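There are 10 protein chains.
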Amino acid sequence: MLFAVRMDVSVPQDMDAQAKAELLAAEKDYSQDLQRKGEWQSIWRCVGEYANISIFDVAGNERLHEILWGLPLFPYMTMDITPLAEHPSDISLD
Amino acid sequence: MLFAVRMDVSVPQDMDAQAKAELLAAEKDYSQDLQRKGEWQSIWRCVGEYANISIFDVAGNERLHEILWGLPLFPYMTMDITPLAEHPSDISLD
Amino acid sequence: MLFAVRMDVSVPQDMDAQAKAELLAAEKDYSQDLQRKGEWQSIWRCVGEYANISIFDVAGNERLHEILWGLPLFPYMTMDITPLAEHPSDISLD
Amino acid sequence: MLFAVRMDVSVPQDMDAQAKAELLAAEKDYSQDLQRKGEWQSIWRCVGEYANISIFDVAGNERLHEILWGLPLFPYMTMDITPLAEHPSDISLD
Amino acid sequence: MLFAVRMDVSVPQDMDAQAKAELLAAEKDYSQDLQRKGEWQSIWRCVGEYANISIFDVAGNERLHEILWGLPLFPYMTMDITPLAEHPSDISLD
Amino acid sequence: MLFAVRMDVSVPQDMDAQAKAELLAAEKDYSQDLQRKGEWQSIWRCVGEYANISIFDVAGNERLHEILWGLPLFPYMTMDITPLAEHPSDISLD
Amino acid sequence: MLFAVRMDVSVPQDMDAQAKAELLAAEKDYSQDLQRKGEWQSIWRCVGEYANISIFDVAGNERLHEILWGLPLFPYMTMDITPLAEHPSDISLD
Amino acid sequence: MLFAVRMDVSVPQDMDAQAKAELLAAEKDYSQDLQRKGEWQSIWRCVGEYANISIFDVAGNERLHEILWGLPLFPYMTMDITPLAEHPSDISLD
Amino acid sequence: MLFAVRMDVSVPQDMDAQAKAELLAAEKDYSQDLQRKGEWQSIWRCVGEYANISIFDVAGNERLHEILWGLPLFPYMTMDITPLAEHPSDISLD
Amino acid sequence: MLFAVRMDVSVPQDMDAQAKAELLAAEKDYSQDLQRKGEWQSIWRCVGEYANISIFDVAGNERLHEILWGLPLFPYMTMDITPLAEHPSDISLD
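Chains as they are written, first to last, in the numbering used here: chain A, 1106 to 1199; chain B, 1106 to 1199; chain C, 1106 to 1199; chain D, 1106 to 1199; chain E, 1106 to 1199; chain F, 1106 to 1199; chain G, 1106 to 1199; chain H, 1106 to 1199; chain I, 1106 to 1199; chain J, 1106 to 1199.
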């Protein structure tokens, strides 16, 4: 099941540099692990913004919540979640 | 070059049924042709809304505008355009 | 899988009375059929507004979209969809 | 009498971990006590957000205010309150 | 139980003058009847706007909905409903 | 002359408890004094929110500003001010 | 007593030209009459918009409402009303 | 050339009292100097808000920016700038 | 003096094709005439939207208003006007 | 390829003066270097605001993101990005 998620990140400017580096590294590992599993299907940077648009392919709501809630950067994120369905024009469905 | 585009559609309720059917058929052909060409990379329906989120892979701004402006449903659409860039966590870039 | 959906209805004031009555009757039948099937778990009227908040328990995004897209009043509705997950405080999960 | 309440939580990131753990435990006890009493009828997590949608079944405005104002997390919450009424399509009323 | 309700009115400009006059007369009668019953406690005009702020003192949500839904002008209104509770500073409670 | 004023309060969470208690006591005294004078005609708590809706009956803009600007909690408040006029349906005017 | 009022005008595009000309003439007369009386103290056009910002000097809320409600263009206007008070820096008060 | 400017002020609550007093005094001198020069034509307090609406009569954009950017309170202000033009109904133009 | 203006166009879908063609031709002539005069310095299409961002270099507010108010498409436009000033980093000023 | 970018800057008021001066100097050098390269085509100050509107002429999304993400002031900026295309009325295209 597919979801589009826009994540806007706002890390406190006064965060300790070391802590921030570790946080970002953990975020990257976390994301890449899920990408390898195929649950985090796509991730793109929104040009000029500390934000991304991602497509998730997950079992359902519970799993998506579990993934997003577990993001190391979650406390610093604003999320916009759009559940997706097949589009009648989508040729990949033919 | 990638763009995420959300298209919200609002077709006048009093549109002639025949005209509407032709319009939607034209829209579907137009979209599927671009999907086959690879420019319209993905299209998903936003659950419960007459809207879609699409990913375009185009040469640049001019081409994206040409595509969107040429949509049969364009006059009935509200667009939200997000230029995309590669995300540092994207494993497909490794 | 649970979704909260707020539906705001705006039927054209100049709609033919007979057509409107049939539309509303169809909407009621459609909803009650889904309620009996257990997919439309709850429906409440938002006080003072032509709107409702509903809880759906469905297989997934596709089914929710199918249900909402099929609402007789769909063309006259604005939807706000919130995918739900279990809350850690929910005693019904104990 | 029913109310739908969306609660968005924003706990200061620099809150002492111990204090936060106690606060959350108190919040859970407070909520579960009201759930057992039947006043807090339902609570769902909004997927991917530190927010919930709850349905309250209370005597009236005063009681709802008393409950919400008394939430341990109240100082860190933004509330959206929708008074609910019976929906004419609700089969549970038949 | 008290509710503050802001009603913004937008009557179609091309409405037949006679029909409009009857509609407004019916609205006035409807409101004044409820004022005499004490349910519609206060009604003020928002300066410079076709809107009012009203205070209702009703049995509960159901009754408020019944009243608002029954307003002759309801189809032309946008409502903003705020459930009210006693304020700790209110001297009328001493 | 009547004004409806919605006051949303946001007191810093890290304010010294003693200072906060004194501030709130001063706010209560200030409000109740004006209520006794009849200028602060009504005050209700917005259910579930640290906010109130108040009706002021004052000589004019200057006096209203003087009152609001003088509120001990003023620095922590967001105000929404609606000047009111008599409503043609208001039976209290007959 | 002073009020700042922003008026955004939206006249139906399909209004009969003659009727529109008469309406605008009536609006101009109405405004200029009040300007000569000193109640409509200032009126400026918002550059590039069918809108104006005006300053009214009136007896109070009732009079302002009477003036605005009586504007020939009132049915086609959206109003934003700001009650004004003396500013401590205003040298005209010295 | 005229501009309407709304300035909303938000001074940090924990600013040193002495520094704040000096800042406000500097702001007042700065404003009154410009008022005497005729560039700052009018300044009114928005009732119940730490905000003002001002009318500037300046040579052009550069000068307006220079004035606003130079305000001692500028770092604590949110500005809304409306360029003004003559209104066809303005009797002062006859 | 420079202004950035965003113009969003919304032409009624049921406008007569011939009238619309003439209107757009008039708009193009009007714009190109001003571009040749140097007052309309730049005009770009916002990708995927019936909107443009333009830079005007005009004598002042009155002239800008005169230009915008005179646009054949003005009745179908929503404008967002930003007065511009020189930026301290602008190398063209060295 | 052209992009319009509005950048709103909000530097913490308690930033060390020296650090701030260096930050702003770095920002100026960074911008002017790109202006000399022709990628940062135009930069204007929004009158009365700590914001600018800039036009970028870059190879594509990736390059624009690289530039914006690299701005020394980026952590203190809110960006609004509008991809631009040629406007059919633009005489510079003839």
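Treat each hint with caution, since some may be false.
Claimed, not checked - Rough simulated footprint, nothing fancy, chain H against chain F, three-plus residues with beta-carbon under 8 Å:
{"#": "1", "region": "1151 to 1160"}
{"#": "2", "region": "1180 to 1193"}
Stated by the list, open to error - List time: in silico DMTMM-like cross-link candidates among lysine to aspartate or glutamate, alpha-carbon distance up to 20 Å:
{"#": "3", "chain 1": "B", "residue 1": "K1125", "chain 2": "I", "residue 2": "D1121"}
{"#": "4", "chain 1": "B", "residue 1": "K1133", "chain 2": "A", "residue 2": "E1144"}
{"#": "5", "chain 1": "A", "residue 1": "K1133", "chain 2": "J", "residue 2": "E1191"}
{"#": "6", "chain 1": "F", "residue 1": "K1133", "chain 2": "E", "residue 2": "D1199"}
{"#": "7", "chain 1": "E", "residue 1": "K1125", "chain 2": "C", "residue 2": "D1199"}
{"#": "8", "chain 1": "C", "residue 1": "K1133", "chain 2": "E", "residue 2": "E1171"}
{"#": "9", "chain 1": "A", "residue 1": "K1133", "chain 2": "A", "residue 2": "E1144"}
{"#": "10", "chain 1": "F", "residue 1": "K1125", "chain 2": "H", "residue 2": "D1199"}
{"#": "11", "chain 1": "G", "residue 1": "K1142", "chain 2": "H", "residue 2": "D1185"}
{"#": "12", "chain 1": "D", "residue 1": "K1133", "chain 2": "C", "residue 2": "D1199"}
{"#": "13", "chain 1": "G", "residue 1": "K1125", "chain 2": "E", "residue 2": "D1119"}
If you're looking for bench data, these hints aren't it; they were derived computationally from the structure. Given the structure is predicted, the values throughout are model-derived calculations rather than measurements. Even for Gly, the Cβ is constructed at its ideal location relative to N, Cα and C.
> What are the numbers of the hints the structure violates, in ascending order?
Replying inline: 1, 4, 5, 7, 10, 11
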